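There are 2 protein chains.
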Amino acid sequence: IDESMVEQAKEHTAKLAVPPRALGRLHDIGEKLCGIMGSQDPDVASKAVIVMAGDHGIVDEGVSAFPQEVTGEMVKNFLAGGAGINCLCRHVGAKVIVVDMGMKVDPMALGLETGDIFFSHKIAPGTENFAKGPAMTKEQAEKAILCGFERASALINEGVQVLGTGDMGIGNTTPSAAIGAVLTGASLDDMTGRGTGVDDEGLQRKKAAIQKGIDVNQPDPKDGLDVLAKVGGYEIAGIAGIVLAAAYHKKPVVIDGFISTAGALIAHALCPLAGQYMFAGHCSEEPGHKLMLDHLGLKPILDLGLRLGEGTGGALAMNILEASVKVFKEVLTFEQAGVTNKE
Amino acid sequence: IDESMVEQAKEHTAKLAVPPRALGRLHDIGEKLCGIMGSQDPDVASKAVIVMAGDHGIVDEGVSAFPQEVTGEMVKNFLAGGAGINCLCRHVGAKVIVVDMGMKVDPMALGLETGDIFFSHKIAPGTENFAKGPAMTKEQAEKAILCGFERASALINEGVQVLGTGDMGIGNTTPSAAIGAVLTGASLDDMTGRGTGVDDEGLQRKKAAIQKGIDVNQPDPKDGLDVLAKVGGYEIAGIAGIVLAAAYHKKPVVIDGFISTAGALIAHALCPLAGQYMFAGHCSEEPGHKLMLDHLGLKPILDLGLRLGEGTGGALAMNILEASVKVFKEVLTFEQAGVTNKE
Numbered sequence: 001i002d003e004s005m006v007e008q009a010k011e012h013t014a015k016l017a018v019p020p021r022a023l024g025r026l027h028d029i030g031e032k033l034c035g036i037m038g039s040q041d042p043d044v045a046s047k048a049v050i051v052m053a054g055d056h057g058i059v060d061e062g063v064s065a066f067p068q069e070v071t072g073e074m075v076k077n078f079l080a081g082g083a084g085i086n087c088l089c090r091h092v093g094a095k096v097i098v099v100d101m102g103m104k105v106d107p108m109a110l111g112l113e114t115g116d117i118f119f120s121h122k123i124a125p126g127t128e129n130f131a132k133g134p135a136m137t138k139e140q141a142e143k144a145i146l147c148g149f150e151r152a153s154a155l156i157n158e159g160v161q162v163l164g165t166g167d168m169g170i171g172n173t174t175p176s177a178a179i180g181a182v183l184t185g186a187s188l189d190d191m192t193g194r195g196t197g198v199d200d201e202g203l204q205r206k207k208a209a210i211q212k213g214i215d216v217n218q219p220d221p222k223d224g225l226d227v228l229a230k231v232g233g234y235e236i237a238g239i240a241g242i243v244l245a246a247a248y249h250k251k252p253v254v255i256d257g258f259i260s261t262a263g264a265l266i267a268h269a270l271c272p273l274a275g276q277y278m279f280a281g282h283c284s285e286e287p288g289h290k291l292m293l294d295h296l297g298l299k300p301i302l303d304l305g306l307r308l309g310e311g312t313g314g315a316l317a318m319n320i321l322e323a324s325v326k327v328f329k330e331v332l333t334f335e336q337a338g339v340t341n342k343e
Numbered sequence: 344i345d346e347s348m349v350e351q352a353k354e355h356t357a358k359l360a361v362p363p364r365a366l367g368r369l370h371d372i373g374e375k376l377c378g379i380m381g382s383q384d385p386d387v388a389s390k391a392v393i394v395m396a397g398d399h400g401i402v403d404e405g406v407s408a409f410p411q412e413v414t415g416e417m418v419k420n421f422l423a424g425g426a427g428i429n430c431l432c433r434h435v436g437a438k439v440i441v442v443d444m445g446m447k448v449d450p451m452a453l454g455l456e457t458g459d460i461f462f463s464h465k466i467a468p469g470t471e472n473f474a475k476g477p478a479m480t481k482e483q484a485e486k487a488i489l490c491g492f493e494r495a496s497a498l499i500n501e502g503v504q505v506l507g508t509g510d511m512g513i514g515n516t517t518p519s520a521a522i523g524a525v526l527t528g529a530s531l532d533d534m535t536g537r538g539t540g541v542d543d544e545g546l547q548r549k550k551a552a553i554q555k556g557i558d559v560n561q562p563d564p565k566d567g568l569d570v571l572a573k574v575g576g577y578e579i580a581g582i583a584g585i586v587l588a589a590a591y592h593k594k595p596v597v598i599d600g601f602i603s604t605a606g607a608l609i610a611h612a613l614c615p616l617a618g619q620y621m622f623a624g625h626c627s628e629e630p631g632h633k634l635m636l637d638h639l640g641l642k643p644i645l646d647l648g649l650r651l652g653e654g655t656g657g658a659l660a661m662n663i664l665e666a667s668v669k670v671f672k673e674v675l676t677f678e679q680a681g682v683t684n685k686e
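Protein sequences, first through last, are from chains A and B. Note that our numbering gives residue 312 to position 312 of the first sequence, counting from 1, and the numbers run on in steps of one. Note that our numbering gives residue 366 to position 23 of the second sequence, counting from 1, and the numbers run on in steps of one.
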């Protein structure tokens, strides 16, 4: 990012008619946006959240509290406007885009048609069970990242100024925890949580499945693509692609919770500079999330006990980004306001 | 508040097509709003922040980094729309109301006219120096609370659904710390911070002035009005009045930072039930703020390192209240959305 733009922005903040940096992180966020967008006049009014959907072979190991058909049912709910992400995106003024990256179900069978807000980039009908072998091939992983990159680039080219990442996929906290453990080096006990709400036995099955996946596949922590292909998921790959596109186009991307941050970890492993374009929307209730954010050097904007995914925490945080921009651009300086500075 | 409405709201939340309580505090906030407003159809779209302004005799002890004329200059800035609170209220769709509760300056001398958004309820041109005697008489304290109560009631009668509290008054972290120490029982070391940015010597002067004020006046921690009159301020009294009015009219009130919470502590001391109508907008950088919030049993909604006052943190948090209401009312249930619930 353009550090000179950040420095120039800090000089402007110092002139505002408030005690030094009295609006705390709103100043930090506004200045980072100046650096990302290479401008003293950043704008994040045009917002979109891309919800990536995919299914997971690992559910055969009994790792989720919900049945697999819920992935498609929830996608249908997204397109009908009735889910948490729709509600919060309407609230913050963001568009919701849904992408089938690898759902098991055929969307046509659910009566869903692709068009303005729903896209099919299905790489395969769900990943393989990674407890028994790689979740996908490296070619599939690459293709999935590229699809995410292209979808995000298309939105940016249409004028979207800030992107949010979202996910839908029954079982997807399991590959996310696997990615988190491999890339941050944290233990499975620290990284693995209850997702949508498995019981104690389900949690043990989940950890055992991840351990098996790591033992069988031996993902290389130095190779993001290898980790993604061996223990990842198609929606996670798509999210990695969104993050890389944001960095490529010098636009901010607001990362949502546990699954989105697993995608961000893959993007960061492939291209560490991409980390500079990220904002962590919120801190998830999933215990490993904080470890992932620490690895990326990100401090969450909100901490409201959310654990829904879909992009909800990131969507809500977009509102704070917009507030930060307005503070930067609309608050008058001591001079403009005719206010006496410190004695 | 109406606990049966909270219970009924929780039953509705349990039916939403999300994992159990997956939107965390957004559910809690939405349900509390149902209890406060006595309705399963709460609404907080109509918002107002009342910024109470007053000056402080205690500044004679050298407790602030800014000169006293800044109080009036900033009020002028509020009325011109150029301050942090204006910017953030525009962002969340809230009206800004400014009240002269006890500024030293005559607003007419600054060219400021009262009208739709600026009201004069000046009790006196600043408090007395409470290091030498009471800040105000008990009659003045009562009158100031009533003025705040009436101003807030007028807004509610005009249709405002949620109130925010704001403050402006050079030196006002000093009476706020005094109130906080007396009412929570915390030490002055824990309760007293740097306000707008005093240096080490200023911080020592500030603590010494508060200690003198407590020794000289002997405020009675069991008597909120006594504490307010002896070591308080007119804008703090006005804020206490806003909080009491919110509770009286069964409307939510979003408390801002350190000074607003001192006002909330006074309201709570006078009427403990008023605490049920409060939301803590954010956690201030002022170290004693957390102790005040703990005393009130409130958990802050945002934690963004703000320390401006004016009502800014509360204004930003109003947006989260509104999001919570929308989640409660707009997210479809499993049944409505046709989504399979847990296995």
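Since the hints were derived computationally from the structure, they do not count as laboratory data. A few of these clues could be false.
Claimed, not checked - In the SDA-like style, the derived pairs of lysine to any residue whose C-alpha atoms are separated by at most 25 angstroms in a straight line are:
(1) Lys-342(A) with Gly-405(B)
(2) Lys-447(B) with Glu-416(B)
(3) Lys-685(B) with Leu-79(A)
(4) Lys-438(B) with Arg-25(A)
(5) Lys-438(B) with Glu-493(B)
(6) Lys-326(A) with Lys-669(B)
(7) Lys-299(A) with Tyr-248(A)
(8) Lys-10(A) with Thr-683(B)
(9) Lys-104(A) with Thr-683(B)
(10) Lys-212(A) with Ala-186(A)
(11) Lys-642(B) with Gly-618(B)
(12) Lys-342(A) with Ala-408(B)
(13) Lys-358(B) with Ile-344(B)
Claimed, not checked - A few chain B residues that don't get close to chain A, going by computed Cβ distances all over 12 angstroms:
(14) Asp-384
(15) Gly-425
(16) Lys-438
(17) Glu-456
(18) Asp-459
(19) Glu-482
(20) Gln-561
(21) Glu-653
(22) Val-674
Unchecked claim - Under 8 angstroms between C-beta atoms, here's a sample of chain B residues computed to sit facing chain A:
(23) Glu-412
(24) Lys-486
(25) Gly-502
(26) Leu-649
(27) Glu-673
Remember, it's a predicted structure, so these values are computed and weren't measured experimentally. Positions of the beta carbon are idealized from the N, C-alpha and C atoms, including for glycine.
Status of the hint placing Glu-673(B) at chain A (closest C-beta pair under 8 angstroms) | 4 angstroms, holds
| query | Is the nearest Cβ of chain A still more than 12 angstroms from the Cβ of Lys-438(B)? | reply | 17 angstroms, holds
Item to complete: Taking the shortest Cβ-to-Cβ distance between Glu-653(B) and chain A, state whether it exceeds 12 angstroms.
Response: 9 angstroms, violated
Lys-438(B) paired with Arg-25(A) [C-alpha distance capped at 25 angstroms] = Given pair Lys-438(B), Arg-25(A) holds - Cα atoms ~24 angstroms apart, limit 25 angstroms.
| message | Next item in the hint list is Lys-486(B). Is there a CB on chain A closer than 8 angstroms to its CB? | response | Hint on Lys-486(B): violated, closest Cβ of chain A at ~29 angstroms, above 8 angstroms.
Holds or violated: Lys-326(A) to Lys-669(B), with C-alpha atoms at most 25 angstroms apart: It holds: about 24 angstroms lies between the C-alpha atoms, which stays within 25 angstroms.
Distance restraint between Lys-10(A) and Thr-683(B), which requires alpha-carbon spacing of 25 angstroms or less: 51 angstroms, violated
### Query
Is Lys-342(A) close enough to Gly-405(B), meaning Cα to Cα at most 25 angstroms?
13 angstroms, holds
Just want to verify: Glu-482(B) was marked as not at the interface with chain A; is every Cβ pair farther apart than 12 angstroms? The claim stands: Glu-482(B) keeps its Cβ more than 12 angstroms from every Cβ of chain A (closest is about 33 angstroms).
query = Gln-561(B) clear of chain A by more than 12 angstroms, beta carbon to beta carbon?
reply = 32 angstroms, holds
Against the 25 angstroms threshold, does the CA-CA distance of Lys-438(B) and Glu-493(B) hold or violate the hint?
Holds, at roughly 17 angstroms.
So, as I understand it, the hint says Gly-502(B) touches chain A; can you test that by seeing if any CB pair is closer than 8 angstroms? Violated - the Cβ of Gly-502(B) stays beyond 8 angstroms from chain A, reaching only about 21 angstroms at its closest.
In this structure, the hints that do not hold are numbers 8, 15, 21, 22, 24 and 25, in rising order.
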